[in-house]
Amino acid sequence: MLIRRDPDIKSSEITDFTLYLNRRSFMIGAAALALAPSGPAVAAPSPPALQPLQAKRNEAFLVDDPPTKLESVTTYNNFYEFGVNKDDPARLAHTLKPRPWTVQVDGLVARPKTYDVDEIMRFGPLEERVYRLRCVEGWSMVIPWIGYPLASLIKRVEPTSKARFVEFTTLRDLEQFPGQRPGLFSFSSLDWPYVEGLRLDEALQPLTLLTFGLYGQVLPNQNGAPVRVVVPWKYGFKSGKSIVRIRFVSDQPKTTWEKAAPNEYGFYSNVNPAVDHPRWSQATERRIGEFRRRKTLMFNGYADQVASMYAGMDLKKNY
Amino acid sequence: MSRRVRIALKAFVWGAALFPLALLLCKFATDDLGVNPIDYVTRTLGDWTLRILLASLSMTPLRLLFGISWQMTLRRLLGLFAFFYASLHFSVWIVLDHFFDWPQMIADIFKRPYITVGMAALTLLVPLAATSTTRMVKRLGGANWRRLHKLVYAIGVLGVLHYLWLAKKGVNDPYWYAVALGILLSIRLGDWTRRFAKRRLQRAAASKREGYQRIQRVLLFVLLLIGLTAGIVPPAGGQALRLGRPAPEIAGAPWINSPPLTLSWLKGRVVLVEFWTHG
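Protein chains in written order, with numbering that gives the first Met the number 0: chain A, 0 to 318; chain B, 0 to 278.
There's no promise every hint is true.
Think about it this way: if two alpha-carbon atoms lie no more than 20 Å apart in a straight line, the pair counts; the simulated EDC-like pairs of lysine to aspartate or glutamate are [to be verified]:
1. A:K55 - A:D105
2. B:K167 - A:D86
3. B:K168 - A:E263
In short, the hints are calculated from the structure, not lab data.
Put together the whole structure using the sequences plus the hints.
Written as structure tokens, this is what we have:
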């Protein structure tokens, strides 16, 4: 049993600057709610107010383009656990309870352990990093995440020499994730729980971020609360959300989308404008908030940092 | 259906069909098209294309199922609105989505099956829209026109395939369209098979009738031959009876219940001749 201690400075006492900047949208939202003539908007359970999360900005990880609006980041995304439509996560986010939450870290490690998420959060100094996010569907965003390199956690649990891959498992709970309930004729959108994976060197890559927040706030439920990974040079679905288990294994994990459509979603799924999705081109993308499509960058613009990991590999075969 | 009712009905269809577009324009004006507006507009226009196309395809099944036919006059209007929404959908793809990036778009049309079938569906809609006027029906001739407009079934299938092939896993909407199209087409198929079977039955009955007629003809021929032979060979010991000749005077018979009848007296009357005997 873990006894949670309060942090030295209560995070609720600090007003974050970005939150301050967003006060107008809160006001507009409140006004719209007050002016709404009918019941449903008021009756719908409102998402819990976001808690500010302190982190120092890491200037080494910035993007030239302006960040995508917070409202877009939190209302338009894929999180099949809530539903297949992109407004489902924000609409149903209140069903997820991000506390209490534990993360089981096990497999081929010297020190397997089940941690409370608040404990894991303190394993590294939290920093803010602005990353590009490229969805496999052809849209993209720029998001200031808060977290620390996953490598810090990995080093703590000491993987054995046999560990070659890391597997991330998302919570499976039909009450908290309505999208996991079997639908009509017992059809389920995906095989639950959601499983993602990385090669150990990919997981140790300093860009791979164990993430607890965005935009100066605790991770909203719809964006993968309370803890997720962000792997910015891969398509978004590779970054597992609401993680309950991190397992170190010797064989390449069978990931959820690979099981669903093996010819469309490979294990690597590195952002690559030269390798098309079988059904559509990946050469261009629409940055949310922009009108014209822009060219997709190799490894989503992180080629300098990650290309060496794939030297000599046929990226058309290892899509 | 009176003229006034027909006009009211068409006005209603115009309003209903233009409502989704009005809603889109309204959302555009109030900046309410969501986080990914171009995607939203493309999808909405595509959805309404399919809905209106299926609506136009459901007019005939309604007649077949319920025997009502007032809705049949709406087929052309609905078909043209389906073409209208398909064209908007396509224009948004060219202008807003790809901004006239022709090489990319042309490559996509040939390389991406869902775009290929979508493009084929739109292309096939063009001749149907072009020949939708009454004058074109007359110019083509009803039979040709009907044959050409059977293309709408192919268009329906291609349109639904377009959606089925682009949708990601877990999205069920395209399957609903497929089910709806399946039902509409199977009602027609049911009707066609029934009609085909009926026609075959009729043909079979006709050929049976023909058989009887042939036998009848042979019999008649034989009878005629017999008759002719009988005519040529006069019965022995009697006066010759010939077709078309005046009958001989009735003579030699005892008259039972009337004074003797003569041919001249019977002239112009219907005569029933009954042969009987007693013994």
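With the threshold set at 20 Å, check whether the alpha-carbon distance from A:K55 to A:D105 stays at or below it.
30 Å, violated
Pair hint outcome, B:K167 versus A:D86 [Cα-Cα no greater than 20 Å]:
Measuring from Cα to Cα gives roughly 15 Å; hence the hint holds.
Checking one constraint from the list: CA of B:K168 to CA of A:E263, max 20 Å. Satisfied?
11 Å, holds
Hint compliance for this structure: hint 1 is the single one not met.
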